[in-house]
Structures are given as structure tokens and as C-alpha cells.
Amino acid sequence: MWDAFVAVFARDVLQAWRRRADWLTSIFFFVIVVSLFPLGVGPEPALLRTMAPGVVWVAALLAAMLSLPRVFGSDFADGTLEQLVLTPHPLTVLVLAKMLAHWLLSGVPLALIAPVLGLQFGLEGGPVGVLFAALLLGTPCLSLIGGVGAALTLGVRGSGVLIALLVLPLYVPVLIFGAGAVEATVAGTGAAGHLSLLAAGLLIAIVLAPWAIAAALRIALE
Amino acid sequence: MLEVRDLACQRGEQPLFNGVSFDVSAGELLWVEGRNGSGKTSLLRILCGLSPAEAGTVRWRGESIHDAREALLHDTLFLAHANGLKDDLTVAENLRFDARLAGLHASAERIEAALRACGLRERRDLAVRYLSQGQRRRAALARLWMAESRKLWILDEPFAALDAESVDRLAAHLGAHLDAGGLAVLTTHQEVPLPAGRTRRLRLAH
Amino acid sequence: MSWGSLDEFLAMGGYATYVWGSYIVSAVVLAMEVVLLKRRHRTLRAGAGRSSQQTDNLA
Amino acid sequence: MALNWFKYSSPQTFYPLAGRLIPVFAVLAAVLGAVGLYIGFFVAPTDFQQGEAYRIIFIHVPAAWMSMFIYLVMAAWAALGLILNTRLSSMMATALAPTGAVMTFLALWTGSLWGKPMWGTWWAWDARMTSELILLFLYIGFMALQASIDDPRRADKAGAILALVGAVNVPIIYFSVKWWNTLHQGASISVGRSPSMASTMLLGMLVMALAYWMYSIAATLMRVRSIILERERNAQWVRDLAGAPA
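Sequence lines, in order, name chains A, B, C and D. The numbering of the first sequence is our numbering, which starts it at 9 and goes up by one. The numbering of the second sequence is our numbering, which starts it at 3 and goes up by one. The numbering of the third sequence is our numbering, which starts it at 526 and goes up by one. The numbering of the fourth sequence is our numbering, which starts it at 5 and goes up by one.
One thing to keep in mind: the hints can contain errors.
To be verified - Examples of chain D residues lying across from chain C (beta carbon under 8 Å, computed): (1) Gly55; (2) Arg59; (3) His64; (4) Leu110; (5) Trp118; (6) Arg229; (7) Leu233; (8) Leu245.
As the list claims (entries may be wrong) - So the derived label-pair ranges between C-beta atoms look like this: (9) Phe36(A) to Ala178(B): 47 to 55 Å; (10) Ser66(B) to Arg27(A): 39 to 47 Å; (11) Pro175(D) to Pro98(A): 26 to 34 Å; (12) Pro49(D) to Gly14(B): 57 to 65 Å; (13) Pro98(A) to Asp165(B): 50 to 58 Å; (14) Gly201(A) to Asp154(D): 43 to 51 Å; (15) Ile212(A) to Glu124(B): 25 to 33 Å; (16) Pro27(D) to Glu35(B): 54 to 62 Å.
Stated by the list, open to error - Chain A stretches covered by chain B per the calculated footprint, using a threshold of three residues with CB under 8 Å from any CB of chain B: (17) 16 to 24; (18) 87 to 97.
Because the hints were derived from the structure by calculation, they are not lab data. Yeah, the Cβ is synthetic: ideal placement off N, Cα and C, and Gly gets one too.
So that you can see chain A by itself, here it is in the shape it has in the complex:
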């Protein structure tokens, strides 16, 4: 089972490496969206500093969503998804491996770039660190919740827009606690509460999301 977990993970990472342009696109999307905001609202440093957490997080939600249709979409099209479902291993475990790969490819880069963008928005060292930590905790939630939407809309008409409709409302708590963590640090009240709530949310997502994704995948293949 562990071997299968590693195999799924390694295959997705290798596949993404061969198609790195796809993944880089959503990362650049993230950078561009964040960079557009100062042009829209003006370069006032105080305003930018208050907006920064929200802007970075909303852009992260959108960027994470952009890559969702690919998670199962290509597997569904080329038949590897059927092979995945028909292995004797628990599908939830294999799904977890796929989500881990998705997070590594779409979430971790966002967390790594975000501090730079935070500096652009005039955030100080402390809040930038918290921004990084919050994204590191929050993006796996985005991958897991998003995976449910991606699996539910497999092979469905207009699935790209539908994913957004299904998933974005479910992202609200992650957005609130993630952006809240940074705001709390800026305000000097400490981010520990927010970060632990994010971690709790991540635990819930790790337990429940693979089950929902696996069920949705089986339904999609019927």
C-alpha cells in the first residue's frame, strides 16, 4: 500500500515536471493577480498593508482553483483513473497521494512566493513569516476541498466554472483564518489562535476529504 502511495505520488510529480509550463502558469497567475491590486487601489502604503493578507489569500484561492480540473481530468481522459480505482489498495490512500502531489505542485510554490509579494505590500518580517506559515497550513486544505469539487465535476458539462461555484464557498473558513492570522500579527495580537484553527481544519480535511473524493471518483466512473 505504501508502495502504491509512493508510486501515485511519484507519477504525478514526474508528469507535472514534464508539463511544468501548466503548473508555472497558475503560479504566475497568482503573482500577476496580486501585483494588479496596487495598480487598482493606489500605492498608499498603509492601505496596501491592510489589504495584503486578503489580497494574497484570495489570489491563492483562485490560483489553487485554476489547477483543479487537471488533478483528475487527465487521468479520467486517458484511462489511468480506472486503473487507479481497480488496484487492490484503498482508494482513499491513493487519493491522498494525488492530493499531496497537487499540494506540492500548486500550494507549496504559492507559500514560497507569497513572502516576496508580502514585502511588496509593505508587510514586515513577522507578518511575512506568518503569511508563509498560514499558506503552508492552508493550501493543503485548498487542495483537499478542491479535490472534492474536481472529482464531482469529472466529465460534466462546463466543469471549469462549476468547480469554482462548488468549491469557493467551501474555501471561506480557510480564507478567514488564513488572512486573519496575518492581520492578527500586524495588529499585534498574535497568530497562534488562527494558525491552530487552520491546523485543525487541515486535520478534518485530511480525514474527511479523501473519503468524499474517492466516493465521487467511483460515481464519475460508473
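With chain A fixed as given, assemble chains B, C and D onto it according to the hints.
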């Protein structure tokens, strides 16, 4: 070993077939025939537990496949219409990941042997996207040369897009599988030299 | 509580727009739902014998 | 009750049963609604803080309650359909969603009209209003997902999973929005929970809530009857209905 009783299937609201019953025992091959849209693929998907049947039962080694899903999957190799290959990975990489996922024993030598058996040895390091349709099918079929541990082979149009030489090679391999006590259920529209005496036919009609 | 006159009742202490805006829209929306449901059911019943009836999914 | 539930879980037997139940719930809704409105407008006193504007709560609070309640009921039916594979349960879930969305919309609409004189603004990012808005998105997502899947059986199952994921999320969303709201010290007025609230106000609200409840049941039963006809249009018993009086 595979017992199917009174199977019924419908797609959307259209009934595809009903009252399908058959047995396949060790060393036998079942050739499922029927026109396009008669439900051949649906039948195969029901057999390996991908789709639910409208009615009827499928038993493998005496147990319903719904109760003993894992046992069925341990014994089954399903080759669908789609090849199940990743376009961006090489033939050898595809086989290696596939074997590890399926829990098959996949040493470098075995992969090498499987590729040689399918005539793909020279293309082992080529990304699947550069292969022709027939070569892709052969790459998908290479799994069969690593799947001795799988007793039940369920193959959807395995001969599609294959050249004459590959057809003969696959037919011979199927024969060897049956000799070893394996079972196979397959669909095909082609006249192929299926192992004589051990092949039974099932005709799906509306 | 008793209202002095109909005008007073309709004026709702100066909040007529808000109060009646809420009540009228609620009544209209709920009535519309019922009307649409009745019509959907009636069309379906009328077409019950024939198959493949096109119907509004949201109504 | 020694009712045989399984007998009524078949669409064919449920269809006429629902037909007989609809008038009962419709009449209950109408009577309760009339009583509730009478209490609301003629018995309940003027609120000394909010004046007459508070009378909106007699339809705002019931709509808000029903919007959340219906989502949970919908998720429960969907789960039942997923586990027991009973078609009728899934049809009930599908039938509940539009009524739930209507309730959510009405809660938002009346909340906005009530908020304008109270907060001086049509929309405040108050915890309850924001949660209602997200709930509306959840309903729309559920309906959009089911509408875009052609195979009704797959639509049922996919919708069920989404409804369950949503049901797990609704409390988390509500909690997170509330937390966010207190941090940002936004406007928050407690609706109908002030200690000064007259008991007749509470009574009017409860009676109206019952009326909305009965209305929702009647509307859902009407919709489920249509869904049954659509899904079973090829069944003999549906064909036999043709020409018969509705």
C-alpha cells in the same frame, strides 16, 4: 470460478441487456460479441466492479463481488478501451508505475521482457505521445506479460489497432494464460485466432 | 396593539417601504414558486403518456 | 407508529400519497400564516427601539431558520439515498434544494430591508447575513451540479456527496464568519433576542416559522411529484396517468 446470473444493465433509461447468465471456469475464455451499443463494455465494467448492475449477481470464487471486492481486484486485470497510459511519461516509466500501483512484481528485467514481448524494446524511452495508436495499444497490453499473478483478465477490444504479428502474439499469450489455469473475458470485432476448444461465445442482443 | 386607521397601518410608523417591501416580495416569491410548481406538474401530467417531455428544471 | 415505511419509499406509491398530503400542509400553512400575521400586525406591540420596522422579523427569522433547516434535511435525505440506494430519498433531496434557496433568498432580502433602517445600510457584513449569503451559494452549487449531470442516478449521488460535504462545512463556515465578524467589530444587532422582546412577538415569530415549515413541506411535495413523473415517465403507471384528472 466466475459465475454470472441474470445480469441486467441499463444506460440512462435504455435497457441494454437483461437475463445474462454464464460461467467461466479456470482455463476458459469468454468471447463477448454484439453490435455497437449492445452493452459489451458495460458488461465488462460490471464484471470488474466499476459499474453497478441493474439486477443480477456476479460471483468470483463463490463470493459476490460486492462483498469480496478486494479479493476480486487482487485477481483481476482490466484493460479498458482507453489505454491508461500517461502521454508525458515514457513507455518504460508507464509500465513501472503501473506495475507498482497494481502491486505486481516489476523488476527491470521483467519490464524489459514484457517490452520485448510486445516489440516495444526500442521505444522504451520514448514518451507515449510519440507512439502510434497501435504502439500505444501494445504498450497497454505489455501489462499482460507481467500479470501472471492475475487470474482473471478482462480485456475490452484488446486487438484493436494491432498489426497481424501483434494479434498472433497476443493470441498465443492468451493461450498460455489459459494453460496456466487463468480465465479471460474479452470483446472483439475482429476475426482473431482465439485458443480453440477453450473459447466460449456470448452474444449480447437487444 | 390597534392601529388608528388604515393609513396608519399602511404607513407602518414611517417604515412602510421596508416592511411592505419585505412582505410583498416574500408573498410574491412564495406564490410564484407555487404557481410554477403547479404549472410544471400540470404539463407533466398532460404529457405523461408521451415520453421525453422537456421541462424547466429549476421551477 | 406501525407505518410500513418501505411501502411508501417507492415512487409509485408515494406519488398519490404526496398528492393527498399536499392539501393538508397547504391548509396548515395558510391557517398558521393567517394567525401568525394577525399576531404579528395586530397583537404584538410596537418595539420601543425599532418602531414598526421590527415587524419584518415575522418573516425574516422564519425564512432564515428554514433556509438552514432545509439544508440539513436535504443533506439527510441525500445521505439516506446514498446509503440505502432509495431513489425516493434522493428525489426528496433534489426537491428540497430550490425551496431552500428561495428561503435563503427571502432571508437575505428581508434582512437587507430590515437592516437599512436599523444599520443605515442595505448590506452589513454581519455574521448571520454573510453566512446566509454563503448558504445561498451552497444551494446554487448543489442545483448547478445536479442540473449539469445528465444521468439522474449519477446526479443524485454526486449531489449527495456535495450536500454532505456542505453540511459538514456549514457549522465551520458559520463559526469562522462569526469569529471574523467579532475581530472586525462589524455591525451586529441581535434579531429578536432582546430581553425586552414581548412574548407576543416571540409567539408571532414561532407561529410564522411553523407556517413557513408547512409551506416548505407542501412545496417540496409538489416538486417531488413532478420529479417522480419526469424520472418515471417511461413506467407503465405514469403512462396510465395520462388523461386522468390531476
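Cross-check of the supplied hints:
Of the supplied interface hints, the one on Gly55(D) holds, with its beta-carbon coming within about 5 Å of a beta-carbon of chain C, less than 8 Å. A least Cβ separation of about 5 Å between Arg59(D) and chain C falls short of the 8 Å threshold, and the interface hint therefore holds. Restraint check, His64(D) versus chain C: the minimum CB separation of about 7 Å is within 8 Å; hint holds. A distance limit of 8 Å between C-beta atoms decides the matter here; for Leu110(D) the minimum to chain C is near 5 Å, and the interface restraint holds.
Because the closest C-beta pair between Trp118(D) and chain C is about 6 Å apart, less than 8 Å, the hint holds. Because the closest C-beta pair between Arg229(D) and chain C is about 6 Å apart, less than 8 Å, the hint holds. A least Cβ separation of about 4 Å between Leu233(D) and chain C falls short of the 8 Å threshold, and the interface hint therefore holds. For Leu245(D), the suggested interface contact is upheld, since its CB lies about 5 Å from the closest CB of chain C, less than 8 Å.
Take Phe36(A) and Ala178(B): their Cβ atoms lie about 53 Å apart, and the range 47 to 55 Å holds. Checked against the given bound of 39 to 47 Å, the beta carbons of Ser66(B) and Arg27(A), roughly 42 Å apart, stay inside it. With their beta carbons about 28 Å apart, Pro175(D) and Pro98(A) fall inside the hinted range of 26 to 34 Å. Take Pro49(D) and Gly14(B): their Cβ atoms lie about 60 Å apart, and the range 57 to 65 Å holds.
Restraint check, Pro98(A) to Asp165(B): a C-beta distance of roughly 40 Å breaks the suggested window 50 to 58 Å. Look at Gly201(A) against Asp154(D): about 46 Å separates their beta carbons, and that is inside 43 to 51 Å. For the hinted restraint 25 to 33 Å between Ile212(A) and Glu124(B), the CB-CB distance of approximately 51 Å leaves it violated. Look at Pro27(D) against Glu35(B): about 56 Å separates their beta carbons, and that is inside 54 to 62 Å.
Check result for the region 16 to 24 of chain A against chain B: holds, 5 residues qualifying (beta carbon to beta carbon below 8 Å, three or more required). Remark: the region 87 to 97 of chain A is confirmed as covered by chain B, as 10 of its residues place a Cβ nearer than 8 Å to a Cβ of that chain, reaching the required three.
When held up to the earlier numbered hints, the structure conflicts with 13 and 15 and fits the remainder.
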